[in-house]
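Asks: Sequence:
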Amino acid sequence: MRGQPQVVKINSCSSTSTCLILFSVLQVYDWDTMERFWQQCIFNYLRCNPEEHYFLLTDSPVSTPESRECTGEIMFETFNVPGLYISVQSVLSLSAGYAYLKSLSDDDSDTRSDMTGVVVDIGDGAPQIVPVVNGYVIGSSIKSFPSSGSDVTQFISQLLQERGELLAPEDSLDISRKVKEVYCYTCSDIVKEFKKHDKKPDKYIKHWSAVKPKTGVPYTIDIGYERFLGPEIFFNPEIYSADFSTPLPELIDNCVQSAPIDTRRALYKNIVLSGGSTMFKDFHKRLQTDIKKIVDDRVAATNARHRVEVRPIEVNVVAHPIQSYAVWFGGSVAASNPEFFEFCHTKEEYEEHGASICRTSPVFKGMY
Numbered sequence: 001m002r003g004q005p006q007v008v009k010i011n012s013c014s015s016t017s018t019c020l021i022l023f024s025v026l027q028v029y030d031w032d033t034m035e036r037f038w039q040q041c042i043f044n045y046l047r048c049n050p051e052e053h054y055f056l057l058t059d060s061p062v063s064t065p066e067s068r069e070c071t072g073e074i075m076f077e078t079f080n081v082p083g084l085y086i087s088v089q090s091v092l093s094l095s096a097g098y099a100y101l102k103s104l105s106d107d108d109s110d111t112r113s114d115m116t117g118v119v120v121d122i123g124d125g126a127p128q129i130v131p132v133v134n135g136y137v138i139g140s141s142i143k144s145f146p147s148s149g150s151d152v153t154q155f156i157s158q159l160l161q162e163r164g165e166l167l168a169p170e171d172s173l174d175i176s177r178k179v180k181e182v183y184c185y186t187c188s189d190i191v192k193e194f195k196k197h198d199k200k201p202d203k204y205i206k207h208w209s210a211v212k213p214k215t216g217v218p219y220t221i222d223i224g225y226e227r228f229l230g231p232e233i234f235f236n237p238e239i240y241s242a243d244f245s246t247p248l249p250e251l252i253d254n255c256v257q258s259a260p261i262d263t264r265r266a267l268y269k270n271i272v273l274s275g276g277s278t279m280f281k282d283f284h285k286r287l288q289t290d291i292k293k294i295v296d297d298r299v300a301a302t303n304a305r306h307r308v309e310v311r312p313i314e315v316n317v318v319a320h321p322i323q324s325y326a327v328w329f330g331g332s333v334a335a336s337n338p339e340f341f342e343f344c345h346t347k348e349e350y351e352e353h354g355a356s357i358c359r360t361s362p363v364f365k366g367m368y
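Numbering (the UniProt record's numbering), first residue to last: 1 to 368.
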């Protein structure tokens, strides 16, 4: 009997759990531990019988086919699920952005072209730029950005300590993370921002009060340049690390340019943000402005070189309030659609064809 799909966001293991997940660049190394983690999620958090429910799991776009096979084996053999759908995270993020924008529009048109775009996924680790065409990932054009949300936190902590702020060592990263989430924003011009802070410090400098955990002594720190320098590592990465100097907007442009030529206009037109580190104020505006400049300069150079008039290319960065959990939201939209069951790999198919059926999952209309 088909179970109704359940959608739950798991925050963390319980404090008494011995569950330990080992990841390196979004790759699972210890499948026994991963199995125990899923067991805890299903029985301790969802509190459901897996044999009565179809499951939707998300996977990285750079995950190997063998990894998906291992996932299928565990779900079908250990948990005996009746059906399984493994979706690429980027596709669900694109679906979430489309679903949100559609909820604000009166246009009922629904075409596959809505599932074409570039997903800029920046969370706490392993940021990726993924082009998706008609719901399918162009694997050869995926780009990776070395700095993530955790690097922003580390950079803010470094700046505060270099400025002489007396942070409790055991609390430095936690405070820096809270500063990042509460006070940080993206500026349009870093030089002008420095001048604004220097001219009116009382207006732009914020204060953070905390208590030292060991002594209980309260203390206050000033937060100034860190507010805009933190997110700036995405646009000027060399201020944080000399190992990488390609800004995020340029990397997104490289991603689109490496995609098939007939898809590029559609990709530029739908650049979707996903992940908590894309939630900085005005992040999408700065990203769109910088990408638009790169594209316009290329078009102008082409016009001058070949003496032709190339039609302007529209650049649109899509921002919405659900960016931080876009993958989860996209998954909930997909799993809530009646068509979801028809496109899942079933237990019967697994027993007949083996784990190789889990290497790919079809895109269905209910995802968008």
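Read the hints as simulated data drawn from the structure, not as lab findings. Incorrect hints may appear among the rest.
As the list claims (entries may be wrong) - DEER-style ranges, computed between Cβ atoms:
| hint | residue 1 | residue 2 | range |
| --- | --- | --- | --- |
| 1 | E342 | K203 | 42 to 50 Å |
| 2 | E351 | A242 | 50 to 58 Å |
| 3 | T302 | K269 | 15 to 23 Å |
| 4 | T33 | R298 | 24 to 32 Å |
Said to hold, decoys possible - Computed list of lysine-lysine pairs in DSSO-like fashion (alpha-carbon distance at most 27 Å, straight line):
| hint | residue 1 | residue 2 |
| --- | --- | --- |
| 5 | K102 | K178 |
| 6 | K192 | K102 |
| 7 | K203 | K285 |
| 8 | K178 | K206 |
| 9 | K192 | K214 |
| 10 | K178 | K192 |
| 11 | K196 | K206 |
| 12 | K285 | K196 |
| 13 | K102 | K281 |
| 14 | K195 | K102 |
All of these numbers come straight from a predicted model, not from anything done at the bench. Ideal Cβ positions, reconstructed from N, Cα and C, are used throughout, including at glycine.
Asks: Now, for every hint given, state plainly whether the structure supports it.
Replies: So, going through the hints one by one against the coordinates:
Between E342 and K203 the CB atoms are about 58 Å apart, so this pair departs from the stated range of 42 to 50 Å. Roughly 54 Å separates the CB atoms of E351 and A242, a value that falls within the hinted 50 to 58 Å. Taking the beta carbon of each, T302 and K269 are about 19 Å apart, inside 15 to 23 Å as hinted. Against the hinted window of 24 to 32 Å, the Cβ-Cβ separation of T33 and R298 comes to about 47 Å, which falls outside the hint.
For the given pair, K102 sits about 33 Å from K178 by alpha-carbon distance, which is inconsistent with the 27 Å threshold. Restraint check: the Cα-Cα separation between K192 and K102 comes to about 37 Å, which exceeds 27 Å; the hinted pair is violated. Taken as a hint, the K203 and K285 pair is honoured in the structure, with Cα atoms around 23 Å apart against an allowance of 27 Å. Distance hint between K178 and K206 is fulfilled; the C-alpha atoms sit about 13 Å from each other, no more than 27 Å.
For the suggested pair K192 and K214, the alpha carbons sit about 40 Å apart, so the restraint of at most 27 Å is broken. For the hint linking K178 to K192, the alpha-carbon distance of about 25 Å falls within 27 Å, and the restraint holds. Only pairs whose Cα atoms come within 27 Å are accepted, and K196 paired with K206 is accepted, the gap being roughly 14 Å. In summary, the hint linking K285 to K196 is supported, as the alpha carbons are separated by about 20 Å, within the 27 Å threshold.
Of the pairs offered as hints, the one joining K102 and K281 holds, with about 23 Å between alpha carbons and a cut-off of 27 Å not exceeded. With a CA separation close to 41 Å, the supplied pair K195 and K102 exceeds the 27 Å bound.
Hints 1, 4, 5, 6, 9 and 14, counting from the list given before, are not met by this structure.
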